[in-house]
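Novice: When you get a sec, could you build the whole thing from the sequences and use the hints?
Heads up, the sequence shown is in my numbering, so the first residue is 332 and it goes up one at a time.
Certain hints may be false.
[Unchecked claim] Simulated restraints, written as ranges between beta carbons of each label pair:
| id | residue 1 | residue 2 | range |
| --- | --- | --- | --- |
| 1 | E333 | R356 | 25 to 35 Å |
| 2 | A353 | E333 | 31 to 41 Å |
| 3 | L362 | W334 | 15 to 25 Å |
| 4 | Y336 | V358 | 24 to 34 Å |
| 5 | L355 | E333 | 10 to 20 Å |
| 6 | F361 | K337 | 29 to 39 Å |
| 7 | W334 | F361 | 24 to 34 Å |
| 8 | D360 | P338 | 17 to 27 Å |
These aren't lab readings, by the way, just hints derived from the structure by calculation.
Virtual Cβ for every residue (Gly too), placed ideally from N, Cα, C.
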Amino acid sequence: PEWSYKPVPMSLIYAPNRRPTAMLRTVIDFLMERFG
Numbered sequence: 332p333e334w335s336y337k338p339v340p341m342s343l344i345y346a347p348n349r350r351p352t353a354m355l356r357t358v359i360d361f362l363m364e365r366f367g
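Specialist: Structure follows, in structure tokens:
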């Protein structure tokens with residue numbers, strides 16, 4: 332591609348007493364696949 336990026340640390344924070352919704356799990360999976 333014509334662009335590149337430097338890897339940077341990333342954190343995702345959500346309430347520990349709540350189970351992640353399907354949408355949140357999808358976003359986390361996407362980010363991990365794309366950048367992780």
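Novice: Given a hint of 15 to 25 Å, does the C-beta separation of L362 and W334 actually sit inside it?
Specialist: With a Cβ separation near 18 Å, L362 and W334 satisfy 15 to 25 Å, so the hint holds.
Novice: Does the hinted range 31 to 41 Å hold for A353 and E333 at CB?
Specialist: Given a distance of about 34 Å, which is inside 31 to 41 Å, the answer is holds.
Novice: 29 to 39 Å was suggested as the range; check whether the CB atoms of F361 and K337 agree with it.
Specialist: At roughly 20 Å between Cβ atoms, K337 and F361 fall outside 29 to 39 Å, so the hint is violated.
Novice: Verify the CB-CB distance for W334 and F361 against the hinted window 24 to 34 Å.
Specialist: The hint (24 to 34 Å, Cβ to Cβ) is violated, given that W334 and F361 are roughly 19 Å apart.
Novice: Evaluate the given range 25 to 35 Å for the C-beta pair formed by E333 and R356.
Specialist: Hint holds: Cβ distance 32 Å, inside 25 to 35 Å.
Novice: Using the C-beta atoms of L355 and E333, is the stated range 10 to 20 Å upheld?
Specialist: 32 Å, violated
Novice: Given a hint of 24 to 34 Å, does the C-beta separation of Y336 and V358 actually sit inside it?
Specialist: With a Cβ separation near 19 Å, Y336 and V358 fall outside 24 to 34 Å, so the hint is violated.
Novice: For D360 and P338, compare the CB-CB distance with the range 17 to 27 Å and indicate the outcome.
Specialist: Once the Cβ atoms are compared, 18 Å apart, the range 17 to 27 Å for P338 and D360 holds.
In this structure, the earlier hints numbered 4, 5, 6 and 7 are contradicted, and the remaining ones agree with it.
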